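So the sequences go chain by chain: A and B. Residues in the first sequence are numbered consecutively from -1, following the numbering used here. Residues in the second sequence are numbered consecutively from 72, following the numbering used here.
Hint data in this document are derived by calculation from the structure and do not stem from the laboratory. Zero decoy hints are in this set.
Restraint-style ranges between C-beta atoms, simulated for each label pair:
(1) K139/B - K44/A: 36 to 46 Å
(2) A103/A - P282/B: 35 to 45 Å
(3) V80/A - I100/B: 14 to 24 Å
(4) F260/A - W215/B: 37 to 47 Å
(5) I100/B - D48/A: 56 to 66 Å
(6) F260/A - P155/B: 26 to 36 Å
From a predicted model like this one, the values you see are computed outputs, not experimental measurements. In this text, a Cβ means the ideal position worked out from N, Cα and C, and glycines have one as well.
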Amino acid sequence: MQQKRLTNLWVALILCVGSILMLAPFVWTISTSLKDQRNVFEIPPKWIPDPATFKNYITAWNDSPLLSGFMNSMIIVVFVLVIGLFVSTMAAYAFAKIEFPFKDAIFLSLLGTMMIPFSVVMIPQFIGFSHINWTDTLLPLIVPGLFGNIVVIFFLRQYLAGGLPNELVEAAKLDGSSFFRTFWTIALPVAKPAVAAQAALTFMHIWNDFMGPLIYLSSPQKQTIQVLIASMQSQYMGSSNYPVILAASIISMIPVILVFFFCQRYFIESMAISGLKG
Amino acid sequence: MKKRKPSYIRKEYAWAYLFVAAPVLGFLIFGVAPLIYSVWLSFTSWDLVTPPKYIGLENYVEVFHDEKFYKSLYNTVFMMLGIPIGMIVALLLAIMMNRPIKGISFLRTIYYLPVISPIIAVSLLWQWILNQDYGLLNQTMWSWFGIQGPNWLGNASWIKPSMILIGVWGGVGGTMVLYLAGLQSISTTYYEAAEVDGASAFQKLRLITIPLLTNIHFFVIVMGVIGAFQSFSQIYVLAGDGGPQYSAATVVFYIFENAFKYFNMGYASAIAWVLGLIIFIVTLLQFRLSKKWVYND
Chain A
-1 MQQKRLTNLW VALILCVGSI LMLAPFVWTI STSLKDQRNV FEIPPKWIPD PATFKNYITA
59 WNDSPLLSGF MNSMIIVVFV LVIGLFVSTM AAYAFAKIEF PFKDAIFLSL LGTMMIPFSV
119 VMIPQFIGFS HINWTDTLLP LIVPGLFGNI VVIFFLRQYL AGGLPNELVE AAKLDGSSFF
179 RTFWTIALPV AKPAVAAQAA LTFMHIWNDF MGPLIYLSSP QKQTIQVLIA SMQSQYMGSS
239 NYPVILAASI ISMIPVILVF FFCQRYFIES MAISGLKG
Chain B
72 MKKRKPSYIR KEYAWAYLFV AAPVLGFLIF GVAPLIYSVW LSFTSWDLVT PPKYIGLENY
132 VEVFHDEKFY KSLYNTVFMM LGIPIGMIVA LLLAIMMNRP IKGISFLRTI YYLPVISPII
192 AVSLLWQWIL NQDYGLLNQT MWSWFGIQGP NWLGNASWIK PSMILIGVWG GVGGTMVLYL
252 AGLQSISTTY YEAAEVDGAS AFQKLRLITI PLLTNIHFFV IVMGVIGAFQ SFSQIYVLAG
312 DGGPQYSAAT VVFYIFENAF KYFNMGYASA IAWVLGLIIF IVTLLQFRLS KKWVYND
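Required output: the full structure, derived from the provided sequences and hints.
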């Protein structure tokens, strides 16, 4: 027992050192973002900024349309999250609990889309969307998401297949509940935790998405937060103004980190579950 | 004549089709249609301005003689070294975390933080840390050990290791969570039996833990390889021109340059198909090989 406790102590120590290494880049970034540009190149580097200033955050916020970047990212998130997730849940319910002709064939061909690399469809999609003049709008980033997402469908299907008893669905049917009502009042409440988990993940994916928005959005007012931050790079790195660009980076991280802290359980569990079952 | 199904069943079919209609439509519009279009594009020469010109297999012939393509493919595969490194670190972390230690969930959160952080912000943060003269890494190495650090992102032979470092730091928490879930599903009886037989900690790791996690090793490798083949954003931020001597450019970065910088839509599509085919074959091969080493219970 004594030895076990000692091992635990060592393990805890190693993990703590490791976590410091993991956190150090973040702490260093925050520290730099609070420094005056003149003090950034001090040797040796100082961890605690002296004097500390919020000025870089104000500069970053004023010089770039970060607010509209936030709004644009949020608009995409809201539409895809609300409609896309609902559509995915509906499909997942049908795939999990209803028997209908060609079900497996349809499901498998949907799963097949997971195999298609984005780089193959990105060029034709871009050409298609420019044909209908949707470039430099948020539509190419919203509309495909409204049709649901196969990864989400797959996850929710697994969840409903195990978590929603067939008897419950049959009983509702016998009581004369319509198809949609059975879904709404029986399946949806059961699926709720899984839907919440997927919502958290979807939020993260959309918020952090870069390549799609980069391709479609050219004017700063239309860009999502990630594209804006990346374009600030060329603006500030040239003059080595690290504090401002890092302040902007931190601003862009806040929403996703907040969501993570509030929905942590969902995040980690659903990553683990989708990992094991995938 | 075939007997018609009763109307209540037909009605249920109709509802079910309605429920799956949107994803199927999306699949056709944003999956199948672009796929077909992309095949055709790859046989053309098109700059988006003048009308596309059909040139047969010329693009594909060019891909196979294109040094830049091979270079970017080599870079992409090289950076996959981060997968085994990340797996080893993640497994060790998971084993350590799979103990009754106070505050473990807090530590888990810290290791997981880079996984959820936006890759753009993370790349900028590392650009500053890896700065040759004033970066935290080189400064610390100098003041602690007297080692003069390299120009991490500006040197052709250091930029790939830098990318691997950033990738491992950013991904290890996710792999760790997978391993943690796997470890918790291993029955303790194996370890108890091994202890009775006097097995050492290393033997237990080699003979019980690692073999019983094969399904997770497999998942991590398959997803890691697919992900690495498609890496782009980090390169775009940290090596906007592909890095010194194009030493950081990945295949997707090369596709992006061809499509949206030089507007060679046809050629870019051809490279994309070659990449898609490579991913498909490698993944298929991994599934075939998995029968030899992955245990499923």
